[in-house]
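Engineer: Here's the letter readout for the chains.
Protein chains: 2
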Amino acid sequence: MDIAALRSAHPDHWRRAAAIRALTLDAVAAANSGHSGMPMGMADVATVLASRHMKFDAAAPDWPDRDRFILSAGHGSMLLYALLYLTGSAEITLDEIRNFRQLGSKTAGHPENFLAQGIETTTGPLGQGFANAVGFAIAEESLRARFGPKIVDHHTWVIAGDGCLMEGVSQEALTLAGHLKLSKLVVFFDDNGITIDGPVSLADRTDQMARFAASGWHVQTVDGHDPEAIDAAIRAAKESPLPSMIACKTHIALGSAAQDTAKGHGALTDPQLVADTKAAYGWEHGPFEVPADVKDWWEQVGRRGAEARAAWESRLAALGKGKREEFDRRIAGEAPKKLGGAIRKLKKAAAEAPEKMATRKASETVLAAVNPILPETFGGSADLTGSNNTRTGDLGVFTADDRSGRYLHYGIREHAMAAAMNGMALHGGMRPYGGTFMAFTDYARPAIRLAALMQQPVVFVMTHDSIGLGEDGPTHQPVEHLAIHRATPNTLLFRPADLIETAEAWELALTQGDRPSVLALTRQGVPAVRLKHSAQNLVARGAYVLAEAEAKRQAIVIASGSEVHVALAAKERLEAEGVGTRVVSMPCMELFAEQDESYRRRVLPGGAVRVGVEAGVRQGWDRWLLGERGREAKADFVGMDRFGASAPAEVLFETFGFTGAAVAERVKALL
Amino acid sequence: MDIAALRSAHPDHWRRAAAIRALTLDAVAAANSGHSGMPMGMADVATVLASRHMKFDAAAPDWPDRDRFILSAGHGSMLLYALLYLTGSAEITLDEIRNFRQLGSKTAGHPENFLAQGIETTTGPLGQGFANAVGFAIAEESLRARFGPKIVDHHTWVIAGDGCLMEGVSQEALTLAGHLKLSKLVVFFDDNGITIDGPVSLADRTDQMARFAASGWHVQTVDGHDPEAIDAAIRAAKESPLPSMIACKTHIALGSAAQDTAKGHGALTDPQLVADTKAAYGWEHGPFEVPADVKDWWEQVGRRGAEARAAWESRLAALGKGKREEFDRRIAGEAPKKLGGAIRKLKKAAAEAPEKMATRKASETVLAAVNPILPETFGGSADLTGSNNTRTGDLGVFTADDRSGRYLHYGIREHAMAAAMNGMALHGGMRPYGGTFMAFTDYARPAIRLAALMQQPVVFVMTHDSIGLGEDGPTHQPVEHLAIHRATPNTLLFRPADLIETAEAWELALTQGDRPSVLALTRQGVPAVRLKHSAQNLVARGAYVLAEAEAKRQAIVIASGSEVHVALAAKERLEAEGVGTRVVSMPCMELFAEQDESYRRRVLPGGAVRVGVEAGVRQGWDRWLLGERGREAKADFVGMDRFGASAPAEVLFETFGFTGAAVAERVKALL
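If you read the protein sequences in the order shown, they are chains A and B. Position 270 of the first sequence, counted from 1, bears residue number 270 in UniProt numbering, the numbering being contiguous throughout. Position 83 of the second sequence, counted from 1, bears residue number 83 in UniProt numbering, the numbering being contiguous throughout.
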């Protein structure tokens, strides 16, 4: 690459972009780790985008109508941090840049959305940002349909690398975006031909342009180091009625000795290489030093949107009171006050007329009460609408032609669904929920984990939550998945036992601010177990005494979801034999763990044997069975220590010991 | 659809294919569940494929050189069962068809490879079969390169539906196959335009032909109900030097009232509908009844390959002794006898010259000793070769032009890598292992779970197994993933502490017959902890006493992997204060759980407090800490109850309490 030619062709542009490159070199050298090559390759694109097209105001990084910039190739985090610092972020200061990748800094190895405004999402696991961006773009369309283009009208810009595009999730994301004609989504493909193992040609020969075009995208190729060509491509992308992909031909680690090599992907820390590269750039400033004129120019870029934002504030103020309050409330992520009343009303009705019902059906019943009063809910399913019971009559379908619908047919794309829901939640103003089978948690795991890490209150509706789904067999029967969600930090797993617990779980899920919820719901009908109305949300305690021992308490049977009624049946048998048995319903271990110790001890006192019952693996249960510090109770667990089998559900429950009689025997064996 | 026209155009073909359709209707009706539409739609393709092209011998369903038939759209399992029954399978009998989806039958809701020969893989989770098939085709090429085309020369045929093609894993699989020019892989796309939620157009507008062509596939469209057109397309596919996709335009639930509808995807059980459909087919036979002439014809199809197989047996017999023994041994899945000696030799050398080493590097050291003596190993990495340390010098790279290499650059395709490895293992003759970062377990979870369910001894090499990876931060730092693998049935998770334990873990992984292994390996260097040579494989016991208490035993510290040396450091401090402390290394909880109780009690006796140390979540540990039945020990755990952070590894270990001093304090707090 002829750097001198680049410099002389666009000297001003060159120095501005070189600031990104130099800061990257300095930060990576100081940290002695990181990824230099991508920011060095994509600095020109980022400079043109930020200075000529992106709508933002560095003084108000939380402006709801700002453009969103998604760094899907998250390892190139210094690109983002440099942009934020240069344009005047109050949070990503020069000190933060100096502390790149150090404990407590806001400049983590990969961008973390919760560390500073302007970091729109957490990326690094490849393809996630791209799929998040589809959710951002859906959120924008949905909110625009609701509040009008004067209030919501912005673009979602993505930088994605070869890694993002090789990950399967990118296919799900791009086909979904193409289908929905998300025209305000623009993806810059950092087409540098290099991955960690070597040239892309080592592992792929895909024509990415043809691939995107095959799913209804507007595609362009551009010299990623020519600012005018980049600008023209962005203008064309904005005009296209389709989502747009711009393949930017770039040189990874531009201008360094590692240019166009796999080495250039990683940390360029050799002092001589850094010095030589800066010399090639004509960058004669010290480490972390940006000349005043360049910094001034970038800060002007950061202020470019101030006027537009002020005008927007006026337009928002001019909105009718109802709409404005709704907008503010939704952006704040607060549930409407009437949610609690609606849930209580539903619970009361359920207590008065208890009926056998699958909890997935119970979930639908709750949604039917909730969706009409929460305009922010946005439902969907990965092609299992009738099985997940996620669609209620009032939602309408969100399509390419109708953005007013609040239900999305995600197609057979569990991963993109989860990642897009993350994007909607991150965008703000939306409460996404989406369904698939619990076993297919696996397909969406990378995004579900990120919902937890990113502190986003997405709701994953996971039906068919055990062998109770029956004949579809072990491929579809989760056994380890409850444990998987429980093992994941900052995640609430709810496994409600009946309609009332399902309503309480939904109320909690819809009022969470900073963590996702997973609802584990049955395919099969289960009897009501909460027969008395309580205004209080008992699921909020995580576990509670559902039925007290009648005879002297000798045993506690703890169960969740579809096994709670089995525990009650066991109790009935045991009491008949004089064995006083308490039944504890434990719909959410995480919330129970958050209760104070005295409550936990009230629910699970010593002096009685304990048996857990759940049609899943034991892992996660021992804390409650054996006692939190050990030496507390003799215990056993009725669960699954193998994969399931294909047979009718009732046959499986009998075979694997999930009956009142079998559980009672296990209790007696401990006495 | 004009069924009468189809019938009269090819009357013989029609009746043969109708047998598949009728058996499907009968089995689904008897089970009152299942998926009728796909077998009814694809019966013509299956009939032409099986009778005119597939190389197999029903009398020898385990013939190593048979063609492989992969039903990726596994919900259409009756298509496969009908084919097996009709062609004369000794296992899939008419009784089994009658017992479709019942407990203990071989005809599970979705095909399960371990239930009967001829079921080549377990499908149902969509896209998996397709990605498995890429592995089957790689195995065929690799074995052909080794043993020659007289011994190995067969096709891999796949039926995939819209669901398979919408799943992201299909993109990873097809781009990998296109890159590798796997010309003997042929995918029939059941292009019926219907998914569970409704028409495909509800969620997708992808031009699948263009998409496959963009990645180097040969593509064709064909009327999926015209036997001659199907035949011609298959012939063209066989001639192409590229992998081939044939989009078969079919009608789901052909000829029924539910044809071309989402309802037709599921179980058609209405007696009137079944009767009307059979009438339209001109099928005048009772339930489960196949007229003798049709059954005879199908059984001839089942015998078509007998002669070819006999000729093949002669060619195999004529192979040189060395090659033949290797072929037989590899097909039997047996490790060579010299493996044990090589591992012992390596262990002895390691004990004599202990050194600080990352266990990922230890793994490379083991592979360097193992790969030259195990020609069946086939390594790879999802674009992290230098980080996963999976490539050894002797392997060579498997490419489109050179099939003799035994190392594959999978690209950034964790999911397809895992699924392709499953396919290689299922094919037989191969011992695949492949690497990525432990946190990216999530990307491959659906396939890793299936390795366990399918009982395949694949080895997943998961490096960077904790916060010890440092600056890349929480997106890359597993905390819940050890628990996830441990929660999965039939899976061995090894977390070795040093080179010797790594060698033992590899020995176990390479000698497993029916379960996968996951190796959790460090990025960071760790000191050797096994300083004395033992010929015995101690990791085989799952946990063992690494260092006995010197003073009177008051505490047991249990640790795995990179925390074992921390446990030893804690012991040193505690002993200095007179607190006798045993250190137990626990590299594999699953194997420890399989030991007899007396061994387990010897390793973890009562009468001492217990502290577990592992840089992951506590889930899974309580059984060993609290005592298997409770009431055994006071216990604590030093681990992670949150996501990690971006900082140098040593800072993180200090921050989160993984130091000898901090662990010693936790022990003392219990005394």
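Everything labelled a hint here was simulated from the structure, so no lab data went into it. Certain hints may be false.
Because identical chains cannot be distinguished in the list, a pair is counted as satisfied if it fits within a single copy or across any two copies.
What the hints assert, rightly or not - Lysine-lysine pairs mimicking DSSO-like chemistry, simulated, CA-CA at most 30 angstroms apart: (1) Lys263 with Lys356; (2) Lys356 with Lys55; (3) Lys263 with Lys361; (4) Lys634 with Lys337; (5) Lys361 with Lys348; (6) Lys249 with Lys348; (7) Lys532 with Lys238; (8) Lys263 with Lys181; (9) Lys323 with Lys634; (10) Lys321 with Lys532; (11) Lys55 with Lys150; (12) Lys249 with Lys345; (13) Lys295 with Lys668; (14) Lys249 with Lys338; (15) Lys238 with Lys263; (16) Lys552 with Lys634; (17) Lys668 with Lys634; (18) Lys249 with Lys321; (19) Lys321 with Lys150; (20) Lys338 with Lys552; (21) Lys181 with Lys249; (22) Lys55 with Lys321; (23) Lys238 with Lys295.
Engineer: Of the numbered hints stated earlier in the document, which are not met by this structure?
Structural biologist: Per hint list: 2, 4, 6, 7, 9, 10, 12, 13, 14, 15, 18, 20 violated.
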